[in-house]
Amino acid sequence: MPCIEVEELTHVYYPGTPLEIVALRDIELTVYDGEFIALAGSAGSGKSTLVQHFNGLLLPTAGCVKVLGRAISDKQHRQQLWRQVGLVFQFPERQIFSNTVFEDIAFGPRNLGWDSTTVSKQVKDTVALVGLPEEILSADPRTLSGGMLRRVAICGVLAMRPRILIMDEPGAGLEPATRQLILANIKEIQAQHGMTVILITHHLEDAAVFAERVAVLHQGVLLSIGPTREVLSQTELLHRAGLKAPFAVELAQRLSQEGIPLPSLPQSIEDVAQLLQQLLQTNGARPGGASL
Amino acid sequence: MNNISMGQYLPAGSPVHRLDPRSKLICIALLVPAVLMTSNPLGLTLVSLWTLLVVLLSGIKPGLYWQSLKPLWVLLLISFVLQVFFTPGNALLTLGFIKISREGLLYSGWLLWRISVLLLAASVLTFTTTPLQLTMALEWLLSPLRRMRVPVQELAMMINLALRFVPTLFDEARMLLLAQRSRGTDFNSGSIKERVSRLTPFMVPLLTNIFSRADELALAMEIRCYRVGAARSRLHVMRFRPADYAALFLNTAILAAVITAKAL
Ligand SMILES: Nc1ncnc2c1ncn2[C@@H]1O[C@H](COP(=O)(O)OP(=O)(O)OP(=O)(O)O)[C@@H](O)[C@H]1O
Ligand SMILES: [Mg+2]
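Residue numbers (the UniProt record's numbering), protein chains in the order written: chain A, 1 to 292; chain B, 1 to 264.
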């Protein structure tokens with residue numbers, strides 16, 4: 001079932017002025033219920049602009065965006081969308097304003113109108129879900145590290161139990177281990193709760209591991225959309241979009257250039273290891289008779 | 001939120017954009033007394049036509065001037081209406097306790113006209129001049145004060161930094177507004193007290209972020225050896241061209257004409 005349908009979406013900032021920028025051009029895109037989709041593209045390609053349509057913060061200049069069955073041009077629908085579509089902005093830790101972590105995470109759930117026992121239960125559950133210790137709830141956000149703060153800010157949106165979760169570069173500026181941890185957590189929650197996840201990233205390694213489908217944006221145009229494996233194998237296209245194919249894909253291509261074709265396209269280092277092992281087992285000790 | 005605001009620079013390579021910022025600033029300084037001193041309709045018409053000509057030459061659609069000044073128009077119209085009602089004089093029209101006097105109509109009409117011309121002229125200046133150019137011009141104009149130990153260069157740097165922070169402030173505010181709206185803050189309804197209390201999730205991070213940006217900027221300046229009072233060189237050198245002399249001459253002529261008409 002589609003939960004977001006985008007038809008011929010064009011978005012222009014400051015139309016009719018010398019500052020006019022066409023941020024999105026004729027975008028066609030469908031997001032299905034419960035899927036994990038990655039939105040990739042270099043800086044300024046229009047990723048943030050696109051997702052801000054999904055929870056009604058921006059309106060199309062032309063075209064139509066339907067979320068959860070109704071067009072966002074419908075004002076009543078648009079104004080209630082935040083209840084079901086959670087958007088984690090870039091650097092979400094910059095929005096934290098409370099004196100305790102609990103207060104900040106509880107902000108969204110309280111706005112939903114839940115009573116205080118439900119709110120505090122949801123906050124505790126969410127913190128546990130992302131693997132943070134419960135003691136953190138009484139901590140002062142200013143004393144936390146950047147990575148911790150980022151996870152707290154993400155909890156603030158997750159605690160509202162959105163049907164669709166959009167994350168704008170949740171790993172930007174974090175160490176790789178924390179980035180992986182956050183994404184792995186989200187993936188788990190997505191599987192358990194049937195949440196739809198839209199992940200903005202320009203790290204295709206992350207897309208390769210976590211996403212089922214990938215969409216590639218370049219200068220406001222949707223270059224490609226499809227199953228992760230298919231999109232990531234188009235190294236030429238990714239290069240054109242200013243992105244770098246995952247290491248495993250490049251390795252496989254170099255191997256086949258050198259006369260060692262792998263039976264299928266790997267997405268991660270683990271895939272490569274497995275494929276190479278298969279190759280060794282079927283071909284004996286020397287892979288494919290190639291001599292390096 | 002997607003509107004051009006007052007004070008925004010709009011790049012458009014027009015003759016007005018190419019003028020030296022110093023001559024634009026001086027022209028405004030000449031135009032203001034001209035507008036304020038004229039007491040006959042002919043003079044003000046002349047000054048208005050001149051301003052409109054410059055607006056057309058600025059290469060920016062008149063609609064954008066209208067758009068950027070729209071918030072001010074409401075204020076101006078309200079004050080116009082109030083003045084019409086509360087200026088005593090010969091009543092032209094009486095509606096119950098409201099009297100519209102001839103003097104009131106005339107006086108507030110004049111005021112509205114004058115303020116409109118001034119606002120338009122100020123918009124031309126800010127639409128066609130970057131903040132950096134403006135501060136450079138200001139620094140040049142104030143440089144005689146240096147002899148009187150006024151720290152002109154430091155003042156200019158302060159203005160420059162303040163202006164540089166305006167877009168940052170707007171970006172930051174925009175991001176916070178959208179982010180908190182996504183978490184369900186409704187900034188547009190409820191009683192005044194409720195609305196003020198809802199500002200906390202917006203104001204607190206805004207101030208925190210802006211201060212930390214300012215801190216970073218200060219550090220970056222120090223790392224690049226900025227010192228108060230040290231001699232500085234410039235990347236862009238300002239130069240008067242024939243068009244600048246023409247603009248200065250015309251504006252001086254207009255002011256002179258207004259003064260002569262008044263003296264006669
Ligand atoms: N509020 C705005 N006003 C004017 N122009 C904007 C605004 N937001 C974005 N743009 C412009 O629209 C284009 C797309 O921007 P957008 O932020 O959607 O890109 P992005 O893919 O999210 O980039 P990044 O990876 O840097 O976040 C850019 O050229 C940008 O300058
Ligand atoms: Mg972005």
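If you are wondering where the hints come from, they were derived from the structure by calculation, not from laboratory data.
Be aware that one or more of the hints could be misleading.
[Said to hold, decoys possible] Facing chain B, from chain A, some residues (calculated, C-beta under 10 Å):
1. Tyr32
2. Phe91
3. Pro92
Even glycine gets a Cβ: it sits at the ideal position worked out from N, Cα and C.
Cross-check of the supplied hints:
1. Because the beta carbon of Tyr32(A) sits about 22 Å from the nearest beta carbon in chain B, more than 10 Å, this interface hint is broken.
2. The restraint placing Phe91(A) at the interface with chain B holds, with a minimum CB-CB distance near 9 Å, inside the 10 Å limit.
3. Because the beta carbon of Pro92(A) sits about 7 Å from the nearest beta carbon in chain B, less than 10 Å, this interface hint is met.
In summary, the one numbered hint that this structure violates is 1.
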